[in-house]
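Position chains B, C and D with the ligands against the provided structure of chain A, taking the given hints into account.
Chains as they are written, first to last, in the UniProt record's numbering: chain A, 1 to 431; chain B, 1 to 431; chain C, 1 to 431; chain D, 1 to 431.
None of these hints come from the bench; they were simulated from the model.
Please read all numbers here as calculations on a predicted model, not as lab measurements.
Careful: at least some of the hints might be erroneous.
Intra- or inter-copy, both count: the list cannot distinguish identical chains.
Only pairs whose alpha carbons sit at most 16 Å apart, straight line, appear in this in silico EDC-like list of lysine to aspartate or glutamate [as the list claims (entries may be wrong)]: (1) K109 x E132; (2) K45 x E58; (3) K411 x E260; (4) K109 x D197; (5) K395 x D12.
There are 4 protein chains.
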Amino acid sequence: MCGIAGVWNVKDAFSVLHDVLLGLQHRGQESVGVVVDGFKTIKGKGLVDTVLTEDRWEDAEKGIGHVRYSTAGSLEDIQPIVAFTRKGRLAIAHNGNIPNGEKWIEMLKEKGAVFQSSLDSEVFLHLISMSEGDLKESIVKALKKVPLAYSLLILHEEFLAAARDPYGVRPLFYGKYGDGIVVASEDAALKAIGVEDIEEVPSGTVVFFSNKGTETVRFSKKEKRFCSFEFIYFARPDSHFLDQSVHIARYRMGEELYRENPIEADVVVPVLDSGLSGAMGFSSASGIPLDIGLMRNRYVGRSFIMPVDREKIVKKKLVPIEDVVSGKRVVVIDDSIVRGTTMGIIVKILREAGAKEVHVGIHSPPVRFPCFYGIDTARKKELVAGERAVEEVKKIVNADSLFYLSLEGLKRAIGRSELCVACFSGEYLHE
Amino acid sequence: MCGIAGVWNVKDAFSVLHDVLLGLQHRGQESVGVVVDGFKTIKGKGLVDTVLTEDRWEDAEKGIGHVRYSTAGSLEDIQPIVAFTRKGRLAIAHNGNIPNGEKWIEMLKEKGAVFQSSLDSEVFLHLISMSEGDLKESIVKALKKVPLAYSLLILHEEFLAAARDPYGVRPLFYGKYGDGIVVASEDAALKAIGVEDIEEVPSGTVVFFSNKGTETVRFSKKEKRFCSFEFIYFARPDSHFLDQSVHIARYRMGEELYRENPIEADVVVPVLDSGLSGAMGFSSASGIPLDIGLMRNRYVGRSFIMPVDREKIVKKKLVPIEDVVSGKRVVVIDDSIVRGTTMGIIVKILREAGAKEVHVGIHSPPVRFPCFYGIDTARKKELVAGERAVEEVKKIVNADSLFYLSLEGLKRAIGRSELCVACFSGEYLHE
Amino acid sequence: MCGIAGVWNVKDAFSVLHDVLLGLQHRGQESVGVVVDGFKTIKGKGLVDTVLTEDRWEDAEKGIGHVRYSTAGSLEDIQPIVAFTRKGRLAIAHNGNIPNGEKWIEMLKEKGAVFQSSLDSEVFLHLISMSEGDLKESIVKALKKVPLAYSLLILHEEFLAAARDPYGVRPLFYGKYGDGIVVASEDAALKAIGVEDIEEVPSGTVVFFSNKGTETVRFSKKEKRFCSFEFIYFARPDSHFLDQSVHIARYRMGEELYRENPIEADVVVPVLDSGLSGAMGFSSASGIPLDIGLMRNRYVGRSFIMPVDREKIVKKKLVPIEDVVSGKRVVVIDDSIVRGTTMGIIVKILREAGAKEVHVGIHSPPVRFPCFYGIDTARKKELVAGERAVEEVKKIVNADSLFYLSLEGLKRAIGRSELCVACFSGEYLHE
Amino acid sequence: MCGIAGVWNVKDAFSVLHDVLLGLQHRGQESVGVVVDGFKTIKGKGLVDTVLTEDRWEDAEKGIGHVRYSTAGSLEDIQPIVAFTRKGRLAIAHNGNIPNGEKWIEMLKEKGAVFQSSLDSEVFLHLISMSEGDLKESIVKALKKVPLAYSLLILHEEFLAAARDPYGVRPLFYGKYGDGIVVASEDAALKAIGVEDIEEVPSGTVVFFSNKGTETVRFSKKEKRFCSFEFIYFARPDSHFLDQSVHIARYRMGEELYRENPIEADVVVPVLDSGLSGAMGFSSASGIPLDIGLMRNRYVGRSFIMPVDREKIVKKKLVPIEDVVSGKRVVVIDDSIVRGTTMGIIVKILREAGAKEVHVGIHSPPVRFPCFYGIDTARKKELVAGERAVEEVKKIVNADSLFYLSLEGLKRAIGRSELCVACFSGEYLHE
Ligand SMILES: Nc1ncnc2c1ncn2[C@@H]1O[C@H](COP(=O)(O)OP(=O)(O)O)[C@@H](O)[C@H]1O
Ligand SMILES: Nc1ncnc2c1ncn2[C@@H]1O[C@H](COP(=O)(O)OP(=O)(O)O)[C@@H](O)[C@H]1O
Ligand SMILES: Nc1ncnc2c1ncn2[C@@H]1O[C@H](COP(=O)(O)OP(=O)(O)O)[C@@H](O)[C@H]1O
Ligand SMILES: Nc1ncnc2c1ncn2[C@@H]1O[C@H](COP(=O)(O)OP(=O)(O)O)[C@@H](O)[C@H]1O
Ligand code: SF4
Ligand code: SF4
Ligand code: SF4
Ligand code: SF4
Ligand SMILES: [Mg+2]
Ligand SMILES: [Mg+2]
Ligand SMILES: [Mg+2]
Ligand SMILES: [Mg+2]
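Pulled out of the complex, with its shape left as it was, chain A reads as follows (with noise of 0.2 Å):
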């Protein structure tokens, strides 16, 4: 749960690295950090704009960056990676996890490799330190190596390397700005400063621009299967992903949700922010109005007092309008349900609020298995829907009733096929 960007042969590279992260923090607010002109790093624990600020510029017309949702702790372990090899100087920003990726680091290591970092990113650049041939030729045949997941942006003085796995599991998009260019995770952020003429870097594909050109290599041809959690959750709204709006597809995946569960209510509230493009398809394809049942306090995460019990954690984030629900019959939306916790607050709140039914709906199917390409819910031990049929998750969240988008309604909503969808199928690409 990452975003990454980098800027060749651009003015204030500086500034348009700053200005594409912020685009992409939703991604990541643990850290965050850049590499510019002359290997120059500038990296901190915290959000964009705390970590990049002015007094901390410097002039720079080429760079990669990095925010990183969860960090253990060191300074260290902040991407970008910058390493000296006998290929040169290279810095690396890595999206995405590989599976066993201890197994590759302790490999790696038991050849006396030396590591700077606890990061799986760093595999990459031993991998490519290793591998014979000129420093290009090695960047391929160290992305041949490892399976997958990653989207990676390679800084080196004379080219800016992106590249995506084989299935192209995370998102990577590249476009001009001036005479020359800007890569991002997302192409909303692109769009945000203004750069033109957005591509996808295809799958299993590494794309070189340098002040030659761009060279494009395809090194794998296999069949793409794109994450359907960042349609669902991740991604920004105004994002597009196989040239499908991100909020379009929440928003039908609302609509869809309402086909499969017709259900009588008085009003629709969305758990904001995630959950307000689907309860909004949900209440034009029900006709059931949309209010807003729960405020979302902004500001929570910058308090001083926080309390340290979860429930009154969610309650200081989510504030009921007593006069929306009061006597209702509330549907309450929202993308996923993970541990279940905050849904079951939610609910409760809803009642003590006066709420005469509280009936959830989750416009994506029951997550039921660890994500191993990026998506942190494999931390999460206890998915809820684990083991569990929804009608006994519906009793742990306290709904009147709960009902979930099929895989095959969520397919219909996203309206495209190469997904990824192992998080709820169990069928996982690396097996």
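Only chains B, C and D with the ligands this time, still in chain A's reference frame:
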């Protein structure tokens, strides 16, 4: 356009002030200040969490704070203001504006008064210092002299005073927090930290909180006239005034707007964030589905690369989702039009995104007169509806149709009559 | 115990103020402030280069600044002070102390004056505001009212005023810098940035620097009485007062001290830094070699681990070099003894390091009376020599012998007669 | 030109590292870093108290730290360096230089090694990772491979290792602190915080400090050759090496210098600060009085307005006191001459201040050869005495006479023979 907060006899007063001011951040983003025990002062330009950082934390049990909308520049002009008088040491925080404030200031300077800032708020300090009698009497005398508009907090070693002008134009609430008291401009900011037994400071009244208890002095018998613009635009949607929910009032403004202006269209598009509540009401009343046709880029204020051109700024902030509006008859809903520039650009963006028709619905009446009571429309010399008929404004913003809510409709939606509507009607309170 | 600086019509006024205040840093380390064009104010606790950082840089051509020795705590008590009066906007920076300052303040408050700080410096602002006549006349009238002690800078939009009390107790110098003027407490701070044609502001005089030229108003005919303690201890050794070098004066104090007290010893050990110049003179006059018997730990003020115990603090600051003092008859030379505590510990350290004899030579007379004119000995209620004979003090500091310089010897060393010596003689200027 | 520090089993390890590094600040002002428990890393450019601020404080009981003289620019090049190897996680801090370090680096890269910095210090990490055996064995093997010059600290979860190269070129000391151990480049930095039982890490030895006790491994039998330049210039005057006080050694160098070069003059003027100890010795031996003819402006490094012209920079730093030198025969004493530029300007300043004659005495021999062992004279390609006779250097600096201390005189003054003097004699240790 400011927010104020006060605490008395509260553990970790600094943290409480931080959190309450955070909850009032929408009332002012230019500067923040707090004064706590021993009149220790922490002030700065920028946002609450930029200024009131942990390393500036002070041990304290009482204090007042202020967030300010726009500041002339120097450190002195950040509230609260601290002063040493023969009646003791005082700090003051003021929300509101004194009509003809400069005349008051000139008059006092002629008497030899030395001001430490250019704020009309300082007038209260000199009036108190010049009055005969003990400190509390002097405060009451000073308040009686200034007709309006103020919600005021005064910190003294022995008490915290919370006062509201005779009309109660600006809001002010207080409640219990542990063994102490917390005061704030909006109840939602109190609720967010768990304040209980929340009450309004009545108009024309000053409440003294001290270790001996609470003393209430009513110093004026005027009729209440609360700012309707707080309902329409300025306040948080989860706040309440005159026992009415702001969100619900806006939702009803949207409903009334449709009732007064029934129109056919394919999609209702809110101008986020301020137009969302009204747009929901409009959608619910009309049955026209609501959709996000303009995504709001939340990070726009923190970008490094900002166009100078106003149109480009708005375009950066409001990104159209073409699939939502293309080929559609769009009703765009916003709370108000001030100068009209933004709305003109919004219409343009929607047309460029393929909207077939663009109708503009405003859930308040035309703003025709400047406000002298603390809402910053006065600075905007050119109110687009100041001298123009609605039909002319429609042409300026280039809408297919433009419709406002009537003054009656507004009052019906709010459901209260003790309102100031001077900026719509021109009937001022102070003449 | 403060330093003041001013600039008029100078490019990069912020940088100039920064550098001049840096050169006056020894006069005050507790807080710093500057006020520049448009009365922009930058203030903070701590050292010049901690407060006047590059990111707080302001474009400016004029301004005043202040370094303060000790501050009561709140941000308001940092100079310069800015005020709005009927005569216009003013900023003031003050070095010195008004005897019975509190009485002046009380008297003004009784007239209804509102003070923004607890500093007696603010008295000048109220006197100016209350005086009849134009601003310059009012300034002269105000200065006439306050007998002493002040070196004062007043910034107005149209001029910079530099004033010195009738006795010229505190120093003040100015000179040319490009097309403009720079003013400072010590000439060495002016020389360091290349100021030319340096002159003293005469005592009992105010000089107005404006774009129309320089206007000098002598408002008092009192005889000059410059603080001898500036020569002895407070000023930089490379400064000059009454056309006499401070270092040379101290060197001669050391010579005179030996002449008045010929003693036999093996090594002369200075108490660094303030005792070095005098110790050199003593060594030269006596032929006893000078050596560093006590190394000064410059970083002591910034340590994280600090003993609370005063002896341990001094031991951390002054480290003996045993080979220098062991088995030797040591004469330790310092500029003055105030409370005597430090000197007692120094003697102890030297004895513990093996000194056979420890003789203490002080190159000024015993401090017997408090200073009311701006040197902070008053706070030290217990002047060790206040009520005691030298023999008794000797016992308290446990020296083998203790000798001071006579008042005559001090005057001979300085070679000037227009001196205040009240803290030695008790003959105050203001009674 | 660096300083290193380590702590093991010490309360508030962060504070201790801060204070010890503060005491080593003179060994490097460009960057600072510490690594503490859990390999938490705090690094930054600038001074100790700018980087190791309270808000970056970490709870810790062990750690290592480093101050660096000059850094190429990027964050990666700040020590300590942290690495993950098959032998576990390590951090390393290195003082010294490996002659032909680039060759070592190239050789390791050819084997596929990935470096995280451009520092030769990283060589140790790769040698350890590639060695067979357990971690301690691997460390000893690695140390045996690199001939010189290093004082090295290695932090592992279970021990702190302190190693010194076979010649003991760079200093390293340790002692008891509470129940734990503190290690530092100089004993004075240990003494300042109260470390007891201070001992040198012997040359050719590594000491492992762990919770099981102290284990000492001597891995080389070479003869000791400690850097004489540490005595002459680099170390603090209150430090001791080979049981000799640095200040006393310098004082004696001054005495020897006079004995070898008896000269008639009126005043001895030290080049502060490094020339002071020697000048005292010179004054004592000659009977010529010592005086401050050149005041040192301590704040010069923090000025905002800095001339580009080298002469003006030196003039800003060293201000002549005319009354001290005017009309006099001056002997100026400094520790060494490297490029000669500064000394040329000093002579000029003294002449401009009226000195009748300027004689230059240097209390060490001419620096004729670059240092490859960690003192940064190598970068100064143009050693003024590299290819020139003393007479020629005298002309370049424009002195009336110039005299150096002989190599024999230097050794006599230090009173020890286990010295490296390669930069004077050209007899290197590593050839
Ligand atoms: N992989 C994920 N990691 C973190 N949050 C997620 C993830 N996937 C979805 N979410 C968001 O977090 C919410 C998870 O809700 P839920 O499982 O009920 O609560 P919780 O995980 O806090 O117990 C969803 O509404 C969704 O918006
Ligand atoms: N007093 C006010 N000051 C600032 N913004 C306001 C004020 N009142 C309303 N607003 C908000 O600003 C918007 C004003 O829009 P508009 O007049 O079209 O643009 P602009 O003032 O930028 O030309 C409204 O939608 C409303 O949300
Ligand atoms: N007014 C003053 N305030 C603070 N320090 C002073 C003052 N006058 C002199 N000093 C310096 O402080 C030292 C005072 O020494 P002493 O009286 O022995 O110790 P202490 O005041 O710490 O007990 C003097 O050596 C002198 O350098
Ligand atoms: N290796 C070194 N690196 C930096 N400064 C040194 C070194 N050795 C000595 N110095 C100090 O710097 C001064 C060098 O003076 P000099 O050679 O005259 O000037 P410069 O090197 O600036 O031209 C010496 O007085 C000494 O104090
Ligand atoms: S397993 Fe789920 S979250 Fe992971 S990549 Fe596949 S669809 Fe996305
Ligand atoms: S004039 Fe308008 S904005 Fe001002 S107080 Fe009255 S209603 Fe509010
Ligand atoms: S009393 Fe002493 S310290 Fe004060 S001004 Fe006079 S000489 Fe200076
Ligand atoms: S060559 Fe000179 S500077 Fe280098 S280690 Fe030897 S004595 Fe020291
Ligand atoms: Mg969610
Ligand atoms: Mg708006
Ligand atoms: Mg002293
Ligand atoms: Mg030197």
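Against the structure, the hints come out as follows:
1. K109 x E132: between (19 Å within a copy, 13 Å between copies)
2. K45 x E58: Result: close only across copies, 15 Å inter versus 19 Å intra.
3. K411 x E260: This pair counts as within: shortest intra-copy Cα distance 13 Å, inter-copy 42 Å.
4. K109 x D197: neither (42 Å within a copy, 40 Å between copies)
5. K395 x D12: neither (55 Å within a copy, 40 Å between copies)
Of the numbered hints given earlier, the model fails hints 4, 5; all others are met.
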